[in-house]
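Trainee: Taken in order, these protein sequences are the chains called A and B.
First residue of the first sequence: 1, per this note's numbering; consecutive thereafter.
First residue of the second sequence: 1, per this note's numbering; consecutive thereafter.
Among the hints, erroneous ones may be present.
DEER-style ranges, computed between Cβ atoms [as the list claims (entries may be wrong)]:
| # | chain 1 | residue 1 | chain 2 | residue 2 | range |
| --- | --- | --- | --- | --- | --- |
| 1 | B | V145 | A | I160 | 49 to 59 Å |
| 2 | A | Y37 | B | N292 | 33 to 43 Å |
| 3 | B | R277 | A | P296 | 21 to 31 Å |
| 4 | A | K172 | B | E360 | 50 to 60 Å |
| 5 | A | S58 | B | D382 | 32 to 42 Å |
| 6 | B | K425 | A | H171 | 53 to 63 Å |
| 7 | B | A291 | A | Y37 | 29 to 39 Å |
| 8 | A | G419 | B | A291 | 52 to 62 Å |
| 9 | A | R277 | B | G95 | 50 to 60 Å |
| 10 | A | R277 | B | A68 | 17 to 27 Å |
| 11 | B | S217 | A | R277 | 42 to 52 Å |
| 12 | B | S248 | A | S217 | 36 to 46 Å |
| 13 | A | W246 | B | N21 | 53 to 63 Å |
| 14 | A | K424 | B | R277 | 34 to 44 Å |
Because the hints were derived from the structure by calculation, they are not lab data.
Using N, Cα and C, we set each Cβ at its ideal position, and we do this for glycine too.
There are 2 protein chains.
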Amino acid sequence: MDMPELQGYSGIVRKLLEQENISIGDEIEIISDGRKYRGILMARYELADPNYITLKLSNGYNIGIRVAENTSISKISAGAKPMFMRPPKPQTLSGLPNVIIISTGGTIASRVEYRTGAVRPALNADDLLAIVPELAEIAKIDTEVLYSLFSENVQVQHWIGMAEAVDHFIHKGVDGVVLTHGTDTMGYTAAALSFALQKPPVPIVLVGAQRSSDRPSSDAATNLIAAVATAAKAPFGEVVVAMHKWHSDDIIALHRGTRVIKLHTSSRDAFRSVNSRPIAYYQHGELKVVANDLNPRGSNNYTYKPKFDERAFLVKFFPSMKPDILSILADSGIRGFIIEGTGLGHVSSDWVPIIRELTERGIFVGMTSQCKFGRVNMNVYDTGRDLLKAGVVPLDDMLSEVALVKLMWTLGNLGEGAGLEEIKKLMLMNIAGEIYSRSLPNTDSW
Amino acid sequence: MDMPELQGYSGIVRKLLEQENISIGDEIEIISDGRKYRGILMARYELADPNYITLKLSNGYNIGIRVAENTSISKISAGAKPMFMRPPKPQTLSGLPNVIIISTGGTIASRVEYRTGAVRPALNADDLLAIVPELAEIAKIDTEVLYSLFSENVQVQHWIGMAEAVDHFIHKGVDGVVLTHGTDTMGYTAAALSFALQKPPVPIVLVGAQRSSDRPSSDAATNLIAAVATAAKAPFGEVVVAMHKWHSDDIIALHRGTRVIKLHTSSRDAFRSVNSRPIAYYQHGELKVVANDLNPRGSNNYTYKPKFDERAFLVKFFPSMKPDILSILADSGIRGFIIEGTGLGHVSSDWVPIIRELTERGIFVGMTSQCKFGRVNMNVYDTGRDLLKAGVVPLDDMLSEVALVKLMWTLGNLGEGAGLEEIKKLMLMNIAGEIYSRSLPNTDSW
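So here's chain A without its partners, still in its complex pose (with noise of 0.2 Å):
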């Protein structure tokens, strides 16, 4: 992929740039409808709205400003224009670690087609690299496409693609792994790679970004170094998610794949670690890690384990919500419930006799809270310890979407024959952080 000196700039903006001897890589001053803003010039995508120039901020963000009639653009230094090129080939780079960016889809690989608005998964793994070249300074990047997937089209099957693609990658010798994911599913991809790739050797990070990497706004880039980064450096072997600690784009906070969810629709700071903290933060180039019981980068505990059953129902209680729909769901076929109950863990009185049913014939009931952060606690009042009664096992302070994947796991590992105290004794064994017996203390965010 060649980048010519205004790749992506066409009609006045490209002449205005053309007069004053810029080219892609130039440290130039722009002022705008009396604001100032000062930047490396960046390329763009041929299909974007032409009056906008890209600049890479001081801070590494990238910003979109629009040129309008009074817009003066001048130089201020020439840059160092390999800087901007595809990055070298990886033999020209010695000592850097290996590590393999494999592309799912999502948004952190899309781009907005700007006729319809529409944002469209487009971008590889190999675009990725030439927009944010620094990714060559931190390590020997490879790149695999393997899906190109909006998240919420994510199955059960493709969990199993990439947990089979991470482990070729981790048998073919690579320091780390990131893998770009949308970020609608992407706390339950991530649950789900922590159970079927078990204290690997070596990191594997999702990223996603919540604006599209042609976007001004993108926190692409920002979340797309930190996850290589810590696929490069990092010191432990865990599966983790790099997003926004806040909004801003000074911190990116690693979380621990069994414990992140997206808790905001659209903020560049959606992904929040519930019931637990940040296993590290990268910020300033660094990477701090703050959880002390991670599996250490190179431990020879690597467990591969990609079966899953999909025969695993979540179920959120309403009031008078009627509960013939578990037998319904039961009689299709399915394996195992987590009800996502309110409070410490309850349902409505009436659904005690149909659960005790389902259980007795050898289904499983698990009990998580739609209350999110705490932990469920069944013994407190009397609906509870009835549920108790009737067979239902108290996830403790399992995130409900991390607790479905872990019992589609479960019933996938143990398989067709399992009996129900096998599948409860490990829903309730702590495999990949997912699950404590007691809470972390209280916290400033809980």
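Given chain A, work out where chain B should sit, using these hints.
Mentor: For chain B alone, coordinates are given in the frame of chain A:
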């Protein structure tokens, strides 16, 4: 209800108190394990652990102190006994606002069975008044026991029963209504009452507690005081939920009834306003109103619409979930669905044909997000636009739980023959602050 001088104290602790000539209401000092406590000696329940003393600290908060061998107790000053007696009969208090406390159950109206450790609903509104005597200084209180329910057992008919009771007392001319309610489903009930009792002439305040009122760490008293003060004095006629803002006792938040959920299983500050801020705070005896779009107290816009139809269903989407469940439920009579989709409002593409079938049959399908915070926007990605074409109605920034309650209310009010367009119009119309088509500006807590 008599209050003997050392009610609830027995054994060694009672002897110690008698030796020092201490009775309930006295200010005392306790030194135990090197720590010093000063406060007013409170009455206790007979069944409580006899080795504890309950002190009311100067901040109004009750704590329990275990009496050990090295504990010393001394009297600082004799208390003004009447303060801890049953409040004087209403006729002796003139000029105070009239507040009705309607008890429906929950932890705030419960006590711990110390033998079993379980919590049972037991206290009625009179009991609450007896243990929180400060209430008598705020308002002339009447009490009514409507239900004694754990809130996971609250059903649609109870919402209707509560609406009827509140409407009855509004017509009797009370200055404010307080409903004690279990916390598990208090958010759902608050939404239901917000739709059933629109623009009421007086405040309607739901209040709960995360710890039962005879536990030393109970939040019952502080929440109840704030609730009664709000009912008595607030300048607005709105349905609100009064619960701790922080972990500490100093601020109680008044959440808008259509914007509040329980987001932690056990923390005192479990309740949060979502996509909105609390409309007021109660602190140091003062109510500070922060919202500026409130229905004023005494307004003539009151509308009473207590109809609900239970044939609505909330579905939480997850990866590999089969859409058949929607058809099964529709065949069983469900008139409308709220889908808690991913991210901006998505489900996997294989759901589109079944959803189209449902909407063609006149069944409502509304979309919210399992992210909770933020709003759905189905115009950004192909999946969203396909769902829109299939007839899905995006419900902006409405909480899933509130959308479900509103759908039940909409179906109940429009009746059997209602067409999809009518339902859609009402679902998207802002009735009680539940839906804003534009976001509030970003705040520190979203």
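Trainee: Checked against the structure, which of the hints given earlier come out wrong?
Mentor: 3, 10, 11
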